[in-house]
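**Student:** Sequence:
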Amino acid sequence: MSAGLGPWLLGLALALEPAGLWAQWRLEEAGGGHRAPGDSVLLSCRGSGFNFGLYVVHWYRQAPGGRPEWVSSISTDSSWNRPAFLPDAFWGDEIQPTRSAVWWPAGITGTLQCTYSSNASYIYVAWYQQCPGGPLQYLLQCQGCGGSYSHTAPFAHRRFSCQADKSSGTLSITGLEQGDSASYYCSLEAPQREAPGGASTTSASSPAASPPACSGGTQALQGGSQ
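In UniProt numbering, the protein residues as written are 1 to 226.
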């Protein structure tokens, strides 16, 4: 979870711990823009369709052409509030993709894997999709150890699945389509507390929605980690 500092643009992505009626949720961000070095900036978000105070809010930043980088996690439950830019030795967690890019023909099943090391009692691995020039799109998450919690975005139920254990997570996409050509990121979360809802398995109950298709020719899946 180390972070290199640099000339970042002030564009941040917001993600929520998933649960419930996903298709009805909305997030609106405000603030940002161009700032001179040394200036301060305030970014805010507003949620609708759910109780904002019940969820953990994750902030990410992304430099042009770079990968998403975790900034902080914020919740009304102070045990979840964590800043970024702390040394790896503090968290004791590392995560890496096993391959930077792969190409597959349409119709087959493609798999991406990330490996990690963590001494946490509970491990969650989440996967995100990013089309060229687009925002992060949450796909699903599964628990690697400490229970069997899982969640999948409604549109991803049909073709996306994941598995995880103490040291690695795998994303599988069946029946690859042209619109699957994108960058995919795995994110490791290792809180020292019980999984939401205990060790039970949960799934979304809202109707499936059509995923945003990426433009492109071949099924080029770009791997990455957060």
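Hints in this document: simulated from the structure, not taken from any laboratory.
Glycine included, each C-beta is placed from N, C-alpha and C at the ideal position.
Among these hints, one or two may not hold up.
Stated by the list, open to error - Have a look at the derived ranges for each label pair, beta carbon to beta carbon:
| hint | residue 1 | residue 2 | range |
| --- | --- | --- | --- |
| 1 | 72 | 35 | 14 to 22 Å |
| 2 | 51 | 72 | 44 to 52 Å |
| 3 | 66 | 28 | 19 to 27 Å |
| 4 | 98 | 148 | 22 to 30 Å |
| 5 | 107 | 54 | 39 to 47 Å |
| 6 | 167 | 32 | 23 to 31 Å |
| 7 | 66 | 177 | 40 to 48 Å |
| 8 | 35 | 115 | 35 to 43 Å |
**Student:** Under the constraints set out in the numbered hints, which ones does this structure not fulfil?
**Tutor:** Violated: hints 2, 6 and 7.
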